[in-house]
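Novice: With chain A fixed as given, assemble chain B onto it according to the hints.
Going down the list, the sequences are from chains A and B. Taken in order, the first sequence gives residues 1 to 183; the numbers are from my numbering. Taken in order, the second sequence gives residues 1 to 465; the numbers are from my numbering.
Treat each hint with caution, since some may be false.
[Stated by the list, open to error] Straight-line alpha carbon distances no greater than 25 Å define the calculated SDA-like cross-link-like pairs of lysine to any residue that follow: (1) K306(B) with I68(A); (2) K275(B) with P232(B); (3) K306(B) with L72(A); (4) K56(A) with A50(B); (5) K306(B) with G40(A); (6) K56(A) with P85(B); (7) K56(A) with R57(B); (8) K306(B) with A73(A); (9) K306(B) with L20(A); (10) K306(B) with G74(B); (11) K326(B) with A274(B); (12) K56(A) with G59(B).
Worth flagging that the hints you see were computed from the coordinates, not collected in a lab.
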Amino acid sequence: MPEAMRDASAVFHLRTGDRLAAQRIDAWLDQENAEVFGYGDVYRACACLVLAEGKKPDLAFIGLDWLIGNELAIVGYVQRAWPGSTLVVYGAPINGDSIAMTGGVIHLENAAAVGRWCMQSLVQVRGTVGDAPRSRRLASTNGQRAGRGSAQGTPRRDDSRHDPTGAQTLLSAEELAALLDRD
Amino acid sequence: MTGGLDLPMTTPSRTSLVTRVIVVGSRRLADVANAACPSAEVVVVADALAAIWELGRRGGEVVVLPLRAAARLGDVLAGLRDAAPDARVLLTCQPADEPAARAALPHGATDYLIEPVSPERLRDLLEPDRSAAGRAMEPAPGLEQAHGIEPVRLGGAAQVMDATELAAPRVAPIPIESLTEVVMRLTEGPAAVLVRLAELARTTLGAEGIVIELDGHTARAGIARDADWKLPLTHADAVAGSLAVAGAPNAVHPESKVVTELARLITATMREAAKRSELVELAWKDDLSGLHNRRYFDRALDRLIKMAADRRSRLTALLFDIDDFKRYNDRYGHDTGDALIREVAILLKRSSRVDDVVARYGGDEFAVIFWDAEEPRIAGSSHPTEPVALAERFQATIANHHFACLGPTAPGRVTISGGLACYPWHGHDRVAIMFAADQALLAAKRTGKNQILLAGADFPAPQGV
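Pulled out of the complex, with its shape left as it was, chain A reads as follows (with noise of 0.2 Å):
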């Protein structure tokens, strides 16, 4: 088990998002003196976690712009785990393979709601993820990608896809803001 696991307060990153994502949420847990375990495949990443026993994070994220077909089950697993834990799952899987959000997700889809995300202190972030709606997607006004360079010829992925049922909430720049800003 990881020196981290021991502290109630570790943040676990799966780092199988796009690389810049991935680098600017290390940078952030690292500004914020986060006690970070992290993994960059999922297999070893789902040992952890059945190796856990009771011991978790309090803050959990996960890339998903590199995770293909049943790798996506990292996310539910990571639930089943640490049903407790507040997860962030950022990017979109590269094959477009659909993502069955349930409780307990915050998605930031792209690189402006990751760059949002880390604005706020790790202290506001515990303090106001545990009192937030479930399940939430977090995306920036003008559509663009986590990382994904120009857009421009890239054909549009469905967002419809990444919500099956249509029950997530999207929320506008301003609504995100008021979430993250809330004491």
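Specialist: Only chain B this time, still in chain A's reference frame:
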């Protein structure tokens, strides 16, 4: 038999019985595991990730993992080892995938089995102690004939042996499933078929090692050691290769019926595989240019995109055509137009890298897939520039080439216009990638020709606008 060649056995020696087996993705494999180890609980899970979860949460001594079920095998094995360091991880694979399975042994796999897996072979690995005991009770080689043992039994039904059977000499039945597999997969080509035939021969003859050399191909099965005897394989009364056998029961010798029939089966199957291979080649080849045709290109692009996704690597498609090709056709005739296409195809092949897929897409359109044969890249890597340079090099090669078919009256240089599109930046499947490349090609045409544009770039304004 584990399918390993001259590798050390890594199966841990243990006395504990197997109580829980986790099988990934295959109901049929689970049935085999149940037959091999009836006292164990056999759990089927959907994928490798679920296996790690199940293994870590509820435990288990053995994980049976088909090679095809793990796209990122190294990561999967590391995860399984982390979750349960003492568990045995048994891979199953097609004969043609044996090298990949063998390569996985140093990375955490305990052993591997060639498909189709029989309960007997799985039990050898699930309960090594029992198998070892069984082997210890076997009479010494050479006693088979004295016991009147028939070397080959027809019918491939797997049976659970009792203690009496364990004490008897082990002679494998003809693996009818393996024969079916060989026939069903003839289109994989002679080299892959010969690998399957070698494994089939080893199992059928009960040999320790087999080497078949035929029609320029060589395939091995079992352990590597000097052959006890060698049988020439003939085709049309001429020697076309050989079957070398090591460690077979004494009842199996070059003159025995099973061996001569097996030799006929091997040569006939390989002949058929060669014919099929020729037909496949014809189906995928463009007659005029000698390049692959669009059907092949589409299949290759589908396959390579999937591989790129698995390996987190990039891939670039180039689509281009000859500028004003109709003009050449009208002025010089269709024969010259055909010759022009052939010359462009030759230049394209010369300018491409070994692994690039080059095809005639239709008419005067050509397509190339540039892909990374090297290690996967990290997620979020920057936009590729190398394929752009390759495409520009090819464009310059065409522009500077003197096309003999056009003679001295050629109306200036032959030029091309093209579009480049990259996975994952411009699409996640073949249709999206080719659409993006086609859009870039159209933009190149609209904005002056004789250029190759990258999809998604800021296209220059059309000429005259």
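Novice: Which hint numbers does the structure go against, in order from smallest to largest?
Specialist: Number 11 - this is the single hint that the structure violates.
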